[in-house]
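Peer 1: Next come the chains, spelled out residue by residue.
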Amino acid sequence: MLSKVICFALNGLDGVPVEVETDINKGMVAYDLVGLPDAAVKESKERVRSAVKNSVLHFPISKITINLAPADIKKEGSHYDLPIAVSILKASDQLPYDTDGTVFLGELALDGALRAVTGILPMLISAKAKGFSRFVVPAANANEASFIEGAEVYALRSLKEVVALISGEQSFSPVAHRDYDSVKRERKYDCDLAWVKGQRVAKRALEIAVAGGHNILLVGPPGTGKTMLARCIPTIMPDMTFDEALEVTKIHSVAGELSEEGIVTLRPFRTPHHTATTVSLCGGGNNRVRPGEISKAHGGVLFLDELPEYTRSALEALRQPLEDRKITITRAGGAATFPADFMLCASMNPCPCGNYGSAELVCTCTPAQIKRYRSKISGPLLDRIDLQVEVDSVGYDDLVSESAEECSASVKARVEAARAVQRERFGGEGVRVNANMGEKQIQKYCRLSREGDAVLRDAFERLHLSARARSRIIKVARTIADLDFSSDIKTRHILEAASYRSFDSEGI
Amino acid sequence: MRELTEEETDAVVLDSFEELTYKIKYEATSGFSSPRPLKKYSDFLIKTLGESVYNKIRALFYSQDYRDKVIASLKKRRIDCVTCFSADYPDKLRNAVAPPLVLYCRGDTALLGERSFGIVGSRRTLPNVLKECRNISGQLAERFTVVTGTADGADTAAAEGALAAGGKVILVCAQGLGHVYPASNAKLYKTVAEKGLVVSEQRPEVPALAYLFPVRNRLIAALSDGVLVVSAGEKSGASITAEYAFRLGKDVFCFPYSHGVPSGVGCNRLIKRGAYLTEEAGDIFGAFGIGFSEKKREPLSEQEERVLAAIGEEGQAHVAQIAAKLGCNGFEILAELSSLEVKGYISRLGGNRYSVL
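Heads up: the sequence lines are chains A and B, in that order. All residue numbers in the first sequence are consecutive under my numbering, ending with 508. All residue numbers in the second sequence are consecutive under my numbering, ending with 357.
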């Protein structure tokens with residue numbers, strides 16, 4: 001007898017329908033699995049055999065051939081267990097019911113229990129788009145599946161329950177749809193700008209960076225709270241919309257890093273260690289291409305601590321995704337595109353010994369050493385970091401600051417207001433924030449007054465700024481003006497923007 | 001390229017022998033006074049060198065082949081030689097401690113005879129001092145040829161400052177002209193060779209050896225009519241240069257430093273020993289009796305005046321300190337700070353600290 005059951009395979013973030021066909025024939029006893037299965041899929045044979053037996057069902061002793069169609073794409077992952085089991089049960093006449101239009105996904109334990117799998121959300125979204133509306137998934141994936149509206153999702157605990165559902169022996173209620181807003185409200189970030197003492201200049205720079213979507217570099221001696229400041233960035237970013245959250249959740253689901261919650265409601269904050277390889281940052285893999293850190297940071301912050309310690313190739317690989325805000329990874333097995341729209345926040349010491357510019361400690365580095373250290377960050381990468389700000393030792397600020405610190409919520413309100421100004425200005429130009437402005441938009445929206453132009457020209461000459469610093473300063477000045485609700489870029493906006501450029505000045 | 005006279009060639013060829021020490025060369029030329037050295041048999045030379053080496057060197061010295069080869073290799077490297085037998089050998093060098101037999105030059109050798117001023121300092125010089133060094137070097141370059149070393153930090157700043165002001169610069173190298181040290185200054189070497197003068201007393205192939213630097217410092221002192229030390233640590237080459245200048249009876253000028261600044265210890269010590277405390281170019285011009293007009297500064301806004309006054313109280317201050325004094329938030333004065341920096345009133349120290357210039 002022949003049977004067909006539908007499940008899904010993943011290519012990047014897209015689900016591809018896969019038919020599990022089983023044919024049971026008379027002949028020499030055999031159990032073959034074809035259709036480019038990888039190791040985990042091949043091993044499913046043994047899991048399925050035990051699971052079927054231990055669910056008090058009969059595993060046919062004859063010639064069994066299972067085909068995963070289309071046969072030309074590689075199948076990876078453990079979620080084929082359930083569809084294979086159902087397919088065998090159907091082919092052996094133990095489940096003589098119609099299952100067309102139902103998608104089965106899940107890994108089986110030897111006792112027949114269903115285990116959680118990765119990538120449920122993107123597979124369900126793709127399946128729904130392709131017209132499927134009835135799904136059977138493991139109970140552990142219920143939360144993840146509950147955000148898809150209008151789908152009939154059954155989250156079951158074992159193969160026995162699946163059989164009961166199909167045969168109608170027992171009725172199950174589908175997973176209740178959950179509202180994103182209710183979930184969103186429950187979660188809170190575990191840090192706040194109010195906890196960072198002093199650092200007024202750095203905090204202001206963060207506000208500007210988030211408001212205009214600029215990337216930022218924090219330069220400061222060790223132990224001055226660069227990491228703490230960076231962790232606060234998500235707390236002042238605008239909340240994610242449902243669509244954004246779904247996109248982020250898809251990526252995290254594919255990466256298998258989804259929490260119990262089932263949806264990502266907080267903007268991600270990723271801190272890959274500086275030993276990270278290019279592939280771990282950008283994504284890759286042999287057959288199924290997996291998202292890298294930059295995609296996992298989609299919609300949030302990618303924090304690179306000790307920037308000069310990363311390998312040059314890893315850093316240079318960031319340039320293109322920083323520009324395109326997505327990454328296409330091509331492998332022998334195929335190509336996959338992942339979104340990578342993140343805000344880059346990097347930190348580094350001002351010099352190898354870390355004491356350059358410190359009031360109390362003596363810097364023992366020569367100018368040549370400092371230059372060498374700083375030259376590890378290439379010009380093209382620096383081009384994409386609009387703000388460079390110095391974070392200094394805390395002792396100083398503590399002495400002089402008496403007033404209470406501002407909390408993240410009030411900074412966030414200003415950021416949201418500035419974002420609204422930008423949305424209105426750019427409309428349908430394909431640009432969301434100031435940092436993404438091209439030469440055309442700069443010409444159009446960043447007109448400088450004659451006075452402003454003169455100041456900028458002066459600043460260039462006297463402060464020895466590099467030519468590439470110009471458009472950076474103008475973009476940042478635009479954001480500062482937006483925070484001020486000023487339609488023109490005023491001289492003081494330019495001057496303030498010019499102060500966030502510790503790397504460009506000749507300094508040493 | 002200068003054409004060398006027979007006597008000048010003698011000096012260059014004599015200098016080309018690696019085996020000969022300075023003392024031997026000095027002896028062989030009877031204290032740089034006798035042309036045609038090695039002509040008579042010298043008991044002293046035979047005694048110190050041994051007869052066979054002496055004979056070998058003597059033979060080479062008079063071999064036309066060898067002489068042509070030495071001169072040709074210098075020509076190939078585009079190096080001019082000013083020797084102790086040259087008419088334009090500067091008198092101030094003759095008074096130096098151990099005057100060099102040959103000065104290998106690249107650039108305008110006429111600069112050796114002009115009024116010159118040495119600016120030296122440590123490699124680890126504070127950024128605001130570097131800025132001031134550049135500034136003062138530019139002003140001095142209007143009346144002097146600026147003489148300095150090749151290290152990065154203060155030396156480089158002095159050379160760049162003078163060049164930027166359109167002045168003349170003499171770079172005195174410790175190593176031979178066939179080498180560039182430090183490599184990061186390759187561009188500076190090239191610019192100075194075109195617009196000024198790069199000199200060394202070492203043969204072109206001599207690399208930058210540590211002991212050559214203090215030796216070179218005596219040349220900076222000898223070539224300069226006065227020396228400004230912009231920074232000097234506990235042990236520093238700049239102090240050595242100042243020491244030589246003292247010995248030659250030349251005026252030494254120093255930037256003052258506040259207590260406990262490591263890169264200023266040497267300067268303060270020199271001031272205690274009689275160097276002129278120097279804050280601006282006028283102090284130096286004054287000592288030389290040269291009139292000098294104060295540079296004009298741009299007008300400031302009210303808020304800028306207040307910020308400048310707040311920094312001025314301490315000499316240098318952190319953004320948060322300035323803001324606290326003015327009763328505002330740190331980032332609110334960033335525009336004023338930038339503007340003051342552009343107008344040349346203050347300088348960034350790093351770590352969000354600023355100092356008045």
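Hints should not be assumed to be uniformly reliable.
[Stated by the list, open to error] Quick list of in silico lysine-lysine cross-link-like pairs, DSS-like style, CA-CA up to 27 Å:
(1) 187(B) - 376(A)
(2) 235(B) - 371(A)
(3) 23(B) - 56(B)
(4) 197(A) - 42(A)
(5) 235(B) - 490(A)
(6) 250(B) - 187(B)
(7) 160(A) - 188(A)
(8) 69(B) - 197(A)
(9) 23(B) - 92(B)
(10) 130(A) - 412(A)
(11) 325(B) - 371(A)
(12) 490(A) - 325(B)
(13) 371(A) - 23(B)
(14) 92(B) - 371(A)
(15) 92(B) - 376(A)
(16) 371(A) - 47(B)
[Unchecked claim] Label-pair ranges, simulated between beta-carbon atoms:
(17) 149(A) - 326(B): 26 to 36 Å
(18) 439(A) - 75(B): 50 to 60 Å
(19) 287(B) - 410(A): 54 to 64 Å
(20) 187(B) - 458(A): 24 to 34 Å
Simulated from the structure, these hints should not be mistaken for lab results. Small disclaimer: the values here were computed from a predicted structure and weren't measured. The C-beta atom is built at its ideal place from N, Cα and C for all residues, glycine as well.
Peer 1: If a hint holds in the structure, say so; if it does not, say that too.
Peer 2: Going through the hints against the structure:
1. At most 27 Å may separate the alpha-carbon atoms for a hinted pair to count; residue 187(B) and residue 376(A) meet this at roughly 21 Å.
2. With a C-alpha separation of about 24 Å, the suggested pairing of residue 235(B) with residue 371(A) holds against the 27 Å cut-off.
3. Between the alpha carbons of residue 23(B) and residue 56(B) the distance comes to roughly 19 Å, so the proposed pair stays at or under 27 Å and holds.
4. Proximity of residue 197(A) to residue 42(A) is assessed by CA-CA distance (about 57 Å); at most 27 Å being required, the pair is judged violated.
5. Between residue 235(B) and residue 490(A) the CA atoms are separated by roughly 50 Å; this puts the pair beyond 27 Å, and the hint is violated.
6. A hinted pair counts as satisfied when its Cα atoms are at most 27 Å apart, and residue 250(B) with residue 187(B) does not qualify at roughly 31 Å.
7. The hinted pair formed by residue 160(A) and residue 188(A) fails the criterion: a straight-line CA distance of about 39 Å is larger than 27 Å.
8. Proposed proximity of residue 69(B) and residue 197(A) is contradicted: the alpha carbons are some 72 Å apart, above 27 Å.
9. Annotation: proposed proximity of residue 23(B) to residue 92(B) holds, straight-line Cα distance about 20 Å (limit 27 Å).
10. At roughly 39 Å between alpha-carbon atoms, residue 130(A) and residue 412(A) are farther apart than 27 Å, so this suggested pair is violated.
11. With a CA separation close to 35 Å, the supplied pair residue 325(B) and residue 371(A) exceeds the 27 Å bound.
12. A hinted pair counts as satisfied when its Cα atoms are at most 27 Å apart, and residue 490(A) with residue 325(B) qualifies at roughly 26 Å.
13. With a C-alpha separation of about 41 Å, the suggested pairing of residue 371(A) with residue 23(B) is violated against the 27 Å cut-off.
14. A C-alpha spacing of about 38 Å is found between residue 92(B) and residue 371(A), which places the hinted pair above 27 Å, so the restraint is violated.
15. Restraint check: the Cα-Cα separation between residue 92(B) and residue 376(A) comes to about 46 Å, which exceeds 27 Å; the hinted pair is violated.
16. Among the hinted pairs, residue 371(A) with residue 47(B) is inconsistent with the structure: their alpha-carbon atoms are about 52 Å apart, more than 27 Å.
17. Against the hinted window of 26 to 36 Å, the Cβ-Cβ separation of residue 149(A) and residue 326(B) comes to about 56 Å, which falls outside the hint.
18. For residue 439(A) and residue 75(B), the hinted distance range of 50 to 60 Å is satisfied, since their beta carbons lie about 51 Å from each other.
19. Checking the proposed 54 to 64 Å range against residue 287(B) and residue 410(A) shows it holds: the Cβ atoms sit about 59 Å from each other.
20. Checked against the given bound of 24 to 34 Å, the beta carbons of residue 187(B) and residue 458(A), roughly 25 Å apart, stay inside it.
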